[in-house]
Amino acid sequence: MYMVYWTVVEDDRCTPHEKLFETTEMVAAMQHMEELRKRQREGGGVRFITMASEHPDLVGHPGVDVTGPEYNWKKRRK
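Numbering-wise, the sequence shown is residues 0 to 77 according to numbering that gives the first Met the number 0.
What the hints contain is simulated information worked out from the structure, not anything from laboratory work.
Treat the hints with care, since some could be wrong.
Pair ranges (Cβ atoms, derived) [as the list claims (entries may be wrong)]:
| # | residue 1 | residue 2 | range |
| --- | --- | --- | --- |
| 1 | R76 | R36 | 36 to 42 Å |
| 2 | K37 | G59 | 21 to 27 Å |
| 3 | K74 | C13 | 24 to 30 Å |
| 4 | Y4 | D56 | 32 to 38 Å |
| 5 | T14 | N71 | 48 to 54 Å |
Glycine residues also receive a C-beta, built at the ideal position from the N, C-alpha and C atoms.
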């Protein structure tokens with residue numbers, strides 16, 4: 000799933016907005032962001048345009064997980 004977030008600034012008042020897109024709608028989400036950026040370039044008071052994603056079929060939990068004492072990861076550089 001994708002969420003597009005943006006803020007509209009009018010008369011020194013900021014109003015947050017969001018729009019949800021399904022996992023199969025990435026192109027539509029990107030097009031929506033481009034429409035918002037076009038409004039921004041035209042001086043429409045649109046700010047802070049961003050997108051976040053979260054796949055509904057994740058195998059593990061997002062974020063940091065607990066590791067046991069046997070965990071021994073090392074970054075190898077050549």
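Here's how the hints hold up against the structure:
1. R76 - R36: 36 to 42 Å: With Cβ atoms ~39 Å apart, the hint holds.
2. K37 - G59: 21 to 27 Å: The hint (21 to 27 Å, Cβ to Cβ) is violated, given that K37 and G59 are roughly 38 Å apart.
3. K74 - C13: 24 to 30 Å: 41 Å, violated
4. Y4 - D56: 32 to 38 Å: 23 Å, violated
5. T14 - N71: 48 to 54 Å: 50 Å, holds
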